[in-house]
Structure formats: structure tokens, C-alpha cells
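As a plain string of letters, each chain reads:
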Amino acid sequence: MAYPQEQIDELKRYCSKVSGLTEGNATYLLLEGLQLPEGCEPSSCDALLRPFKGSDGYPSQLYFAVQVKSPYSRNWNVSNARICERNWFAFSWNVNVTSPTLVKILLAHLSGFTKQK
Amino acid sequence: MNTTEIDVLEFAERGEEVPHAPVYWVRIDGEKVKVETPRPTGELLLGKVGKRPCAFELIEEFVHGKNEVVEPGEEVDLRKKGLKGFITAHKEIVTIFINGDPYPIERGERTVKEILGKVNETPEGYILLEEKNGPPMPLPADKPVKIRGCEVFHTQAQSGGSS
Numbered sequence: 001m002a003y004p005q006e007q008i009d010e011l012k013r014y015c016s017k018v019s020g021l022t023e024g025n026a027t028y029l030l031l032e033g034l035q036l037p038e039g040c041e042p043s044s045c046d047a048l049l050r051p052f053k054g055s056d057g058y059p060s061q062l063y064f065a066v067q068v069k070s071p072y073s074r075n076w077n078v079s080n081a082r083i084c085e086r087n088w089f090a091f092s093w094n095v096n097v098t099s100p101t102l103v104k105i106l107l108a109h110l111s112g113f114t115k116q117k
Numbered sequence: 001m002n003t004t005e006i007d008v009l010e011f012a013e014r015g016e017e018v019p020h021a022p023v024y025w026v027r028i029d030g031e032k033v034k035v036e037t038p039r040p041t042g043e044l045l046l047g048k049v050g051k052r053p054c055a056f057e058l059i060e061e062f063v064h065g066k067n068e069v070v071e072p073g074e075e076v077d078l079r080k081k082g083l084k085g086f087i088t089a090h091k092e093i094v095t096i097f098i099n100g101d102p103y104p105i106e107r108g109e110r111t112v113k114e115i116l117g118k119v120n121e122t123p124e125g126y127i128l129l130e131e132k133n134g135p136p137m138p139l140p141a142d143k144p145v146k147i148r149g150c151e152v153f154h155t156q157a158q159s160g161g162s163s
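So the protein sequences, as listed, match chains Y and L. Counting along the first sequence from 1, when you hit position 74 you're at 74 in our numbering, and nothing is skipped either side. Counting along the second sequence from 1, when you hit position 126 you're at 126 in our numbering, and nothing is skipped either side.
A portion of the hints provided could be inaccurate.
Not everything, but these chain Y residues come out facing chain L in the computed CB check (under 7 Å) [unchecked claim]:
| id | residue |
| --- | --- |
| 1 | Ala2 |
| 2 | Lys17 |
| 3 | Val18 |
| 4 | Leu21 |
| 5 | Pro42 |
| 6 | Ser43 |
| 7 | Ser44 |
| 8 | Val66 |
| 9 | Ser70 |
| 10 | Phe89 |
| 11 | Asn96 |
| 12 | Ser111 |
| 13 | Thr114 |
Here are the simulated DSSO-like pairs of lysine-lysine, each with C-alpha atoms no more than 27 Å apart in a straight line [what the hints assert, rightly or not]:
| id | chain 1 | residue 1 | chain 2 | residue 2 |
| --- | --- | --- | --- | --- |
| 14 | L | Lys66 | Y | Lys104 |
| 15 | L | Lys143 | Y | Lys69 |
| 16 | L | Lys32 | Y | Lys104 |
| 17 | L | Lys84 | L | Lys113 |
| 18 | Y | Lys117 | L | Lys80 |
| 19 | L | Lys32 | L | Lys48 |
| 20 | Y | Lys104 | L | Lys80 |
| 21 | L | Lys66 | Y | Lys117 |
| 22 | Y | Lys69 | L | Lys146 |
| 23 | L | Lys113 | L | Lys34 |
| 24 | L | Lys132 | L | Lys84 |
| 25 | L | Lys66 | L | Lys34 |
| 26 | L | Lys51 | L | Lys118 |
| 27 | L | Lys48 | Y | Lys117 |
| 28 | Y | Lys69 | Y | Lys53 |
| 29 | Y | Lys117 | L | Lys118 |
| 30 | Y | Lys104 | L | Lys84 |
| 31 | L | Lys132 | Y | Lys17 |
| 32 | L | Lys132 | Y | Lys12 |
| 33 | L | Lys132 | Y | Lys69 |
| 34 | L | Lys34 | L | Lys84 |
| 35 | Y | Lys69 | L | Lys113 |
| 36 | L | Lys113 | Y | Lys117 |
| 37 | Y | Lys104 | L | Lys146 |
Derived from the structure by calculation, the hints contain no laboratory data. No residue lacks a Cβ here, since even glycine has one placed at the ideal position from N, Cα and C.
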């Protein structure tokens, strides 16, 4: 699965490095040192973007290398999920973006840290 | 400073006409800056002290005590008799940028709702993102946003929720 280069380039503004990781037929995007919204702790961490529907039923998912503390508590319902040979955490957040681009999907997930519900 | 460079303040204090010169030295907030035109714009002068018209205004000071606000696009005649220099001041109504367009807003703490309202959007339908020392990041809808002027915002349709 290939993603448009201009969309990958947009993602690069948010992290130190973007690389594609393949598992099965799917390509995830590893976002190294992803910047997190103000008030999050840590302020950045590695993340894995799954911009496609997964077996969990979500149309996309953003996994984090650690469980992030944020201004609003979230339901971290994914813990130590093993994907692409690393363990990941994710909170319950359903994202449905119209005309999705990789950055729009990423921001929709990140907004989960800044919204009450 | 050689003879082709004019210190505007010195001429103002002596009450003399300012001659033509390739270089003028003017004081802005007490800082001496070099200007290579006799008719710079307000924006150019603000830029000399690292300030922008979206947050600051420029004020001309004259030896006889008169002060005048200079608009960003307005040309200032540095050879004007009695011109001492300039001071800058924080604007009360500043300019912010939303999705690339400028909007006036009162300085201070503003709500996300108020900012989104400038582009006829609401927190129920849109996320407000601020571009500050990095890429645009979502802002909490229920926390005030500190406005000093020149802030850059973007909006994105709300698309996520707790599941």
C-alpha cells in the first residue's frame, strides 16, 4: 500500500522521521518523535499511524509507544498491542474524516487529547 | 558613521533640515536602526526591531512633543523636520490569521468559540489548530486562548469522538 508522497511530506512536519512499516499486506506509518498537543506528557513520542480500517472496526488508528497523560483522561483500551515488532498503546477514539488525508487523520486522532469527549 | 549617513535625531535636536542621504539612522524604542531609504513604510520600520503590524503599532515622535500613529503601509518621510524617532506600542485590536486570512480581534484571552466564529465555524463542528513554534496542533475547545497578535490558526472539521 503506497501513500501519496505529498501527504507523507505533510506528516514530516509533525515528527522527526516518517517511515513505512509493513505487516502482512498492510503498510503502517511509523512517526518517530511525534509532537503531541500542549498539556500532554510526554510532549512527543513515537507513534504508529494505521490510516485504514483494522480488525478492531475503527476506520483508522493511532498507536503510541507509551500511554500519554493528557488534559482529559482517555480510555486506553489497547495496551501492549504487538504491531510491526513493537508494543503499542491506543485510546478509544473513533475518527471519520471526510476527504481524508494522512495529516487530517493524524490531527483527528490527536484532537482526542484536547476534547472533553 | 560617515558623512553619507544621517542621524535623524541629531538633526531634529538642532532644529535643522534633514539632507538627502543614502543611509538614515533612526531610533525605534531607543534602538538605533539603519534605514536605506528616506521614505520607509511603517511595516518596514517595525520589522527593523523584530515587530509586526499584526501585534504592534508604530508611533512617530517629534521634538515638540507631538506623536502620530503610522499605518503599516504608510510611507514615513524621515526628512520631516523635527522627527526624533519612533516608539512601538502593543495594539489592543490585533490581527490573527485563520486559514491564511487576517481577522481583527481584541488582545487577551479569547475563547475557541470566538476565534472560530470569525470564520463562521463553531467548536461543535470544527477543531481549532494553532501553528506555534511547529506544525498546527489542536487546541482544547474549553480553554481560553491567549492572543497577543499575529497568531496563526487553522480549522478542521470535527471528525473524532470517544468510542
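Cross-check of the supplied hints:
no.: 1; hint: Ala2; result: 23 Å, violated
no.: 2; hint: Lys17; result: 14 Å, violated
no.: 3; hint: Val18; result: 13 Å, violated
no.: 4; hint: Leu21; result: 22 Å, violated
no.: 5; hint: Pro42; result: 15 Å, violated
no.: 6; hint: Ser43; result: 10 Å, violated
no.: 7; hint: Ser44; result: 10 Å, violated
no.: 8; hint: Val66; result: 19 Å, violated
no.: 9; hint: Ser70; result: 10 Å, violated
no.: 10; hint: Phe89; result: 16 Å, violated
no.: 11; hint: Asn96; result: 5 Å, holds
no.: 12; hint: Ser111; result: 4 Å, holds
no.: 13; hint: Thr114; result: 4 Å, holds
no.: 14; hint: L:Lys66 <-> Y:Lys104; result: 52 Å, violated
no.: 15; hint: L:Lys143 <-> Y:Lys69; result: 17 Å, holds
no.: 16; hint: L:Lys32 <-> Y:Lys104; result: 46 Å, violated
no.: 17; hint: L:Lys84 <-> L:Lys113; result: 44 Å, violated
no.: 18; hint: Y:Lys117 <-> L:Lys80; result: 60 Å, violated
no.: 19; hint: L:Lys32 <-> L:Lys48; result: 10 Å, holds
no.: 20; hint: Y:Lys104 <-> L:Lys80; result: 53 Å, violated
no.: 21; hint: L:Lys66 <-> Y:Lys117; result: 56 Å, violated
no.: 22; hint: Y:Lys69 <-> L:Lys146; result: 23 Å, holds
no.: 23; hint: L:Lys113 <-> L:Lys34; result: 43 Å, violated
no.: 24; hint: L:Lys132 <-> L:Lys84; result: 36 Å, violated
no.: 25; hint: L:Lys66 <-> L:Lys34; result: 23 Å, holds
no.: 26; hint: L:Lys51 <-> L:Lys118; result: 24 Å, holds
no.: 27; hint: L:Lys48 <-> Y:Lys117; result: 46 Å, violated
no.: 28; hint: Y:Lys69 <-> Y:Lys53; result: 26 Å, holds
no.: 29; hint: Y:Lys117 <-> L:Lys118; result: 24 Å, holds
no.: 30; hint: Y:Lys104 <-> L:Lys84; result: 52 Å, violated
no.: 31; hint: L:Lys132 <-> Y:Lys17; result: 20 Å, holds
no.: 32; hint: L:Lys132 <-> Y:Lys12; result: 16 Å, holds
no.: 33; hint: L:Lys132 <-> Y:Lys69; result: 21 Å, holds
no.: 34; hint: L:Lys34 <-> L:Lys84; result: 14 Å, holds
no.: 35; hint: Y:Lys69 <-> L:Lys113; result: 25 Å, holds
no.: 36; hint: L:Lys113 <-> Y:Lys117; result: 17 Å, holds
no.: 37; hint: Y:Lys104 <-> L:Lys146; result: 25 Å, holds
Comparing the model with each numbered hint stated earlier shows that hints 1, 2, 3, 4, 5, 6, 7, 8, 9, 10, 14, 16, 17, 18, 20, 21, 23, 24, 27, 30 do not hold.
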